[in-house]
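Novice: Letter by letter, the chains look like this.
Number of protein chains: 2
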Amino acid sequence: MSQTNLNQSNASSSPSEPSRQIRLGAFMMIPGHHVAAWRHPEAQATGVLDFNFYKKLAQTAERGKFDMVFLADGYAVAERFPEALEQTVNVRPEPFTLLSALSSVTERIGLAGTVSTTYNEPFHVARKFASLDYLSGGRAAWNVVTSGSDAEARNFNLDKHVQHDLRYERAEEFVDVVAKLWDSWDDDALLYDKASARFADRSKVQAIDHKGKFFSVRGPLNVARPIQGHPVVIQAGASEPGKELAARTAEVIFTAWQTLEEAQKFYADVKGRLARYGRTPDQLKIMPGVFPIIGRTEEEALEKKALFEQLIPEQAGVALLSGLISFDLSGYPVDGPLPELPQLSQINGGKSRFQLLKDLADREQLTIRQLYQRIAGARGHREIVGTPSQIADQLQEWFENGAADGFNIMPPYLPGGLDEFVDLVVPELQRRGLFRQEYDGSTLRENLGLQRPARQHASTPAEAVRVAE
Amino acid sequence: MSQTNLNQSNASSSPSEPSRQIRLGAFMMIPGHHVAAWRHPEAQATGVLDFNFYKKLAQTAERGKFDMVFLADGYAVAERFPEALEQTVNVRPEPFTLLSALSSVTERIGLAGTVSTTYNEPFHVARKFASLDYLSGGRAAWNVVTSGSDAEARNFNLDKHVQHDLRYERAEEFVDVVAKLWDSWDDDALLYDKASARFADRSKVQAIDHKGKFFSVRGPLNVARPIQGHPVVIQAGASEPGKELAARTAEVIFTAWQTLEEAQKFYADVKGRLARYGRTPDQLKIMPGVFPIIGRTEEEALEKKALFEQLIPEQAGVALLSGLISFDLSGYPVDGPLPELPQLSQINGGKSRFQLLKDLADREQLTIRQLYQRIAGARGHREIVGTPSQIADQLQEWFENGAADGFNIMPPYLPGGLDEFVDLVVPELQRRGLFRQEYDGSTLRENLGLQRPARQHASTPAEAVRVAE
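Taken in sequence, the protein lines are chains A and B.
Taken in order, the first sequence gives residues 1 to 469; the numbers are from full-length UniProt numbering.
Taken in order, the second sequence gives residues 1 to 469; the numbers are from full-length UniProt numbering.
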């Protein structure tokens, strides 16, 4: 890895080849990423359904030149314990609706929304991301997930959630159908020619005629080819099928690692898979999650962390941990060790998160309580506690040593946790020449340094006619 | 029907019992309701995918104190003829995405989006309308449709679209599940109590445990009860099952009638069905579509109409008509009469529209060309051509004679057609005391004069516990 010149500002590098820059996502669980965030004295708990709260957050992230606002999603309330419904936040706006509303009060920041391939249809998903891409001027990104809980399945006509392998098989096809639909109109298909009565050139619009195992979709889409060609595709799966799907189709990977070594191994693994799909390493940005607790002094940061640990209701902590490892820990002594857990092959939720937390508990001999306290903030992602300079050091280390192209920042509580990052850490990264002073382009793709994809799925002209058969 | 006092302004009536007022929706096909709107010299054809165009339209409608912006939808391009893909507008933002984006640049106007029950899941639909209701401060409305074309079916894994009766049966259950999900949280379920670690009162949240013919949905929703209780429910079906569904569940009916007599008959029919569901006539607002061509003089209005007729490409006209009657007219002489059409029972599209247009052609002995010219603007809705005063007269006549509670205004071209209505017709209606000078309330429901529904679908407290089993 090359060393970054600490005094080199973004502006001083040549426009054609800027120095490699950290990418930043503002990953916003509301009102904060910590499971007890809403109890924090400065968290705006009443903001969870208030648009003005979200507007302020998005505008703060944009002021901090973040590449994107990133919203997670799930299709059910936390219901593992009755207490979870009471002690944690289970109501939020549907993220795509929210991102659409935010698109008109922001100008440059990307808008990344999570939508599951398990409980949706590709035509709807292709269409709404294409629409958001137009309405936002090319700032849409789709975080592809497969959903992994029985609670979600039960809201969509099933008793149990779909098996892991089948979910990924469906996701593979889903992502392909969406890409085909985005490519069903040529970039220059719209003519707007009033005199000749040609709104569009029909030779530049094709049905996709997709027939697969899961989907039969004729197309074309009823939205033109998106401004970005394709909205940016993000994935988070770190299992074998997850990594392979990402290597073939993703442009950003959102991932969770605790140590530099793990992150480096993952980074090299996934980047090494790209060549077999004809892709270069820079076509995929790997952005691990980072949960920062920021203090003006290290002591202040540690005090903040201690406060959070006190705020975790016991049942909420156990419920969170149970959800993350897809195994119900209720009934086990909270100050005892983890019970015997199933084999990884039997886990039908997030497999990589299960392994990560099991390893952590084994390595450090943690009780259930200690483990949930440890992960109640970062939820398996990397936690960094310290001063702005210490946090910048940690980010720089991963960025310069083959572990990350950027980071998804998970503010512990909101709005304060985001304000602190923007006001204290971002300027430090900028001083070190690691992060932009201004947005590089107008689209998310330009800001992330990703090429606009050429149209790949066009049919032959002969097929074009078949649209109208 | 009571006579309206022509000089009575809204403000002069007592607040507790204002005079009955016309409700107005801005029904916006882009860039205009006429099939050839995009060719109109003043239509902004290039605006179809430009957010600033929509923002201006919504803000204009809000300046005109419209109750709501109303967006239609469909899940496929027009593909009946190759020319339809070329000569008509087939690309627009997905309406719900667009309404969400508009929610943050408007303050009082309602946001009515069309979503089909045939190709969606109730959990998603309940959730996104509840979300929009929060983000907009209580301005969301759902226009329930069942979709009716093979082209749409082919984008969702089917060869042919679902049969009419089955679509309505599914719609009935779908609407009920959505209502149950909206009611799964009590209005006062959120506590935000940091000290006691109670974000919500779990005794006020219930699973819905719905198991029906089409859907199995456990709930609860992961959004709190909407600001309006339920977002306003709109329907457009005028077939027997459509009317019955509307009488049971709709709060606004969007409908198409050509003559006062037809509209009166429909109005009395539907209002007469309400009692059997324990509803009063004022709980359902009937708003026929109106396509106004406005001139400063009658002559100018007629010239505008003639211009539109010249702009219709022949194939686009035939394609539009074929779509509206669910029967392919290509190959028949365009200057000849309609061919022998199937019986109504064999029509699997919009049954009421089929009957309306067949009756019109029979009554006036129209050729195919004459019929498509006649309906290319209003598409089966009422066309009014004249001065602002003449248009106000026509609206007043229906409003005061048991044919309408309000109207969905369909500007022929945009933005000009909406500007004219707001600047010329709205003031005339206001002068006559028929339309508000200012918004009555902050929610759409308040503006429409609809009561906020009490929570009806709550389970017993015993069931509440089952959420967490």
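Accuracy of the hints is not assured; some may be wrong.
For identical chains, the list gives no copy identity; a pair is met inside one copy or between any two copies.
[As the list claims (entries may be wrong)] Derived DSS-like pairs: lysine-lysine, alpha-carbon spacing no greater than 27 Å straight-line:
{"#": "1", "residue 1": "194", "residue 2": "304"}
{"#": "2", "residue 1": "358", "residue 2": "271"}
{"#": "3", "residue 1": "65", "residue 2": "55"}
{"#": "4", "residue 1": "194", "residue 2": "55"}
{"#": "5", "residue 1": "351", "residue 2": "160"}
{"#": "6", "residue 1": "204", "residue 2": "160"}
{"#": "7", "residue 1": "213", "residue 2": "358"}
{"#": "8", "residue 1": "243", "residue 2": "358"}
{"#": "9", "residue 1": "305", "residue 2": "194"}
{"#": "10", "residue 1": "194", "residue 2": "56"}
{"#": "11", "residue 1": "56", "residue 2": "304"}
{"#": "12", "residue 1": "160", "residue 2": "213"}
{"#": "13", "residue 1": "305", "residue 2": "243"}
{"#": "14", "residue 1": "211", "residue 2": "271"}
{"#": "15", "residue 1": "56", "residue 2": "271"}
{"#": "16", "residue 1": "65", "residue 2": "204"}
{"#": "17", "residue 1": "65", "residue 2": "160"}
{"#": "18", "residue 1": "271", "residue 2": "305"}
{"#": "19", "residue 1": "65", "residue 2": "304"}
{"#": "20", "residue 1": "358", "residue 2": "56"}
Honestly, the hints are just simulated from the structure, not real lab data.
Novice: Now tell me if each hint is right for this structure.
Specialist: Verification of the supplied hints:
1. 194 <-> 304: Answer is between: at 17 Å across copies they meet the 27 Å cutoff, but 63 Å inside does not.
2. 358 <-> 271: Intra 26 Å, inter 63 Å, cutoff 27 Å: intra-copy only.
3. 65 <-> 55: both (15 Å within a copy, 26 Å between copies)
4. 194 <-> 55: between (39 Å within a copy, 24 Å between copies)
5. 351 <-> 160: The answer is within: 17 Å in one copy meets 27 Å, while 40 Å across copies does not.
6. 204 <-> 160: between (43 Å within a copy, 26 Å between copies)
7. 213 <-> 358: neither (35 Å within a copy, 42 Å between copies)
8. 243 <-> 358: So residue 243 and residue 358 pass the 27 Å test inside one copy only (20 Å; across, 58 Å).
9. 305 <-> 194: Close across copies (17 Å), not inside one copy (64 Å); limit 27 Å.
10. 194 <-> 56: Classified as between; 22 Å across copies, 42 Å inside a copy.
11. 56 <-> 304: within (23 Å within a copy, 47 Å between copies)
12. 160 <-> 213: The answer is both: 21 Å in one copy and 19 Å across copies each meet 27 Å.
13. 305 <-> 243: This pair counts as neither: shortest intra-copy Cα distance 33 Å, inter-copy 60 Å.
14. 211 <-> 271: neither (31 Å within a copy, 46 Å between copies)
15. 56 <-> 271: neither (36 Å within a copy, 46 Å between copies)
16. 65 <-> 204: neither (37 Å within a copy, 41 Å between copies)
17. 65 <-> 160: Result: close neither inside a copy nor across copies, 42 Å intra and 49 Å inter.
18. 271 <-> 305: neither (34 Å within a copy, 62 Å between copies)
19. 65 <-> 304: Answer is within; shortest intra-copy Cα gap is 26 Å, inter-copy 50 Å.
20. 358 <-> 56: For residue 358 and residue 56, the Cα distance exceeds 27 Å both inside one copy (38 Å) and across copies (55 Å).
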